[in-house]
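Please model the entire structure based on the sequences and the hints provided.
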Amino acid sequence: MGLPLYSAHDDPGPSFFRYADAAGLTTSHDPEVVTSPHATTVIAVRYVGGVVMVGDRQATGSYIASRDVRKIEAADRFTAIAISGTAARGIEFIRMAQLSFEHYEKMTDAVLSLEGKANYLSPIIQRNNLTSPLVVLPLLAGWDLNHQVGRIFEYDGAGGCYERLDFATIGSGSPFAENTLRLGFRGDLDLEDALDLGALALYEAGDNDPSTGGPDFVRNLFPMMVTINAAGFQELANDDVASRFRVINERRTQSGGIAGGSLR
Amino acid sequence: MSNYFYVAPEQLIKDRAEFAQKGIARGRSIVAAIYDVGVVMVAENPSASLNKISEIYDRIAFAGVGKYNEFDRLREAGIRWADGTGFTYSRGDVDARALANYYAQHVGDMFTEGPKPLEIEILVAQLGNKIRPTKLYRIAYEGTISDEPRFAVLGGDAETIKGRFAASEDELEPLATTLKNAVAALAGPDRVIPPSELEVGLLEDRGSRRTFTRLSDEEVSELLR
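Same order as they appear, the protein sequences are chains Z and Y. Note that the first sequence ends on residue 366 in this note's numbering; no numbers are left out. Note that the second sequence ends on residue 306 in this note's numbering; no numbers are left out.
None of these hints come from the bench; they were simulated from the model. Honestly, I wouldn't trust all of these hints.
[Said to hold, decoys possible] To spell it out: a stretch of chain Y is covered by chain Z in this simulated footprint if at least three of its residues, at any positions, have a beta carbon under 8 Å from a beta carbon of chain Z; those stretches are: (1) 134-143; (2) 156-166; (3) 182-188.
[Claimed, not checked] Covered stretches of chain Z (in silico footprint by chain Y; criterion: 3 or more residues with CB under 8 Å from a CB of chain Y, positions within the stretch not fixed): (4) 117-129; (5) 292-298.
For every residue, glycine included, the Cβ atom is placed at its ideal position computed from N, Cα and C.
Put into structure tokens, the structure is as follows:
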């Protein structure tokens, strides 16, 4: 790769995606159907001081391809990005997003706003999903430094970007997670409540959806839980996550697998 | 029949070199120096927003003197090159020497073949780690690349500043000392440069992947005290 110099009229600007596209660094889009593992359930819940995200760790093709996939990553210090859909495209997408935000910052000496980041991803999703069967659907959550508030953005298959003021879910287990969140969400959730609700919603998804990996007590592998707030992106320690899922599992064992009409 | 007069290549190169030198001499200089745990770059720059020193990659920084639009385009190309290389291979494969060579080739091409030579001098600095050394590569207007062992000076008054800085330091010092020496070398004996007219960038390991930081005016005055 030589020195990528452009004249003023065809300069791709601070967008890494436009540059990568012009330089042929992105994958070409082949309409042939390929079987590739899918990544599954991720949840984002707003609470008073930011956003909580929970994601399962399983990648599923016609069998379980991996049990310890990371579907939530820090895109930068105050932004988290999560993926569902084709794992291969999702991982490429996360790399593209991470690099793009940093690229913009270096090129312009200014940090992209959270809304700017959310909108930037739209055409990338649109192009991938409308030209390839290897669909990927991300979820973006972050701490908005300009407004000092946690925000969640979800996308539809065509790349449409929508801000959610309560919670959002992606992946095949999302109907089950969504229902749990709908019953349990309040506008005044504190961090602990949001973590417990998020864990429960993921537990339900893992319980009902064959492609969502719930807590794996045998291998000591648990869903990823992260918080994004004024302190930035932080991942909960495995032990902390394990104890939360153990509590849910214990309750559920005692009730013989029945939720019992309350959020437990 | 063409009407061009014959110009000896020696004359052509001399004219072009004079042209570039004149352009570079109009601007202020930059001192870049290795200190005990990092690299510091100091520019005399009255503008707080038109930067001469920038981040290229995790452990690579850029500094440029001369015509702003010319070196800024090279800065942008460097960021694209580094991010593109890291995206294609891995972050660890992005090497300052490769980038410095590309810069040298481009600047050299512009000197001999371009409509006019670039009126710039640039520096690519790399903070070392287990697999790569700490390096300062200086690229002059005609494409000469030099690997400076401990410090580099860019700009019109380079020789004088170089002499002053070399006299003040003969081994690696802490940041505050090296910064003081660099500022003194830039200013000369009869002048004091206020912190607001200094642009200072560092490459130093502070526990995160990215090692570049800009120092604020307050931080600079604190260190110069």
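Each hint, compared with the structure:
Counting residues of the segment 134-143 of chain Y whose C-beta sits closer than 8 Å to any C-beta of chain Z gives 3, which meets the bar of three, so the coverage hint holds. Using a Cβ-Cβ cut-off of 8 Å, 9 residues of the segment 156-166 of chain Y lie near chain Z, which meets the minimum of three, so the contact claim holds. A count of 4 residues in the segment 182-188 of chain Y with a Cβ less than 8 Å from any Cβ of chain Z is obtained; the coverage claim is therefore met, three being the minimum. Counting residues of the segment 117-129 of chain Z whose C-beta lies closer than 8 Å to any C-beta of chain Y gives 5; at least three are required, and the coverage claim holds.
Chain Y is given as covering the segment 292-298 of chain Z, and this is violated because 0 residues of the stretch bring a CB closer than 8 Å to a CB of that chain, at least three being needed.
In this structure, only the earlier hint numbered 5 is contradicted, and the remaining ones agree with it.
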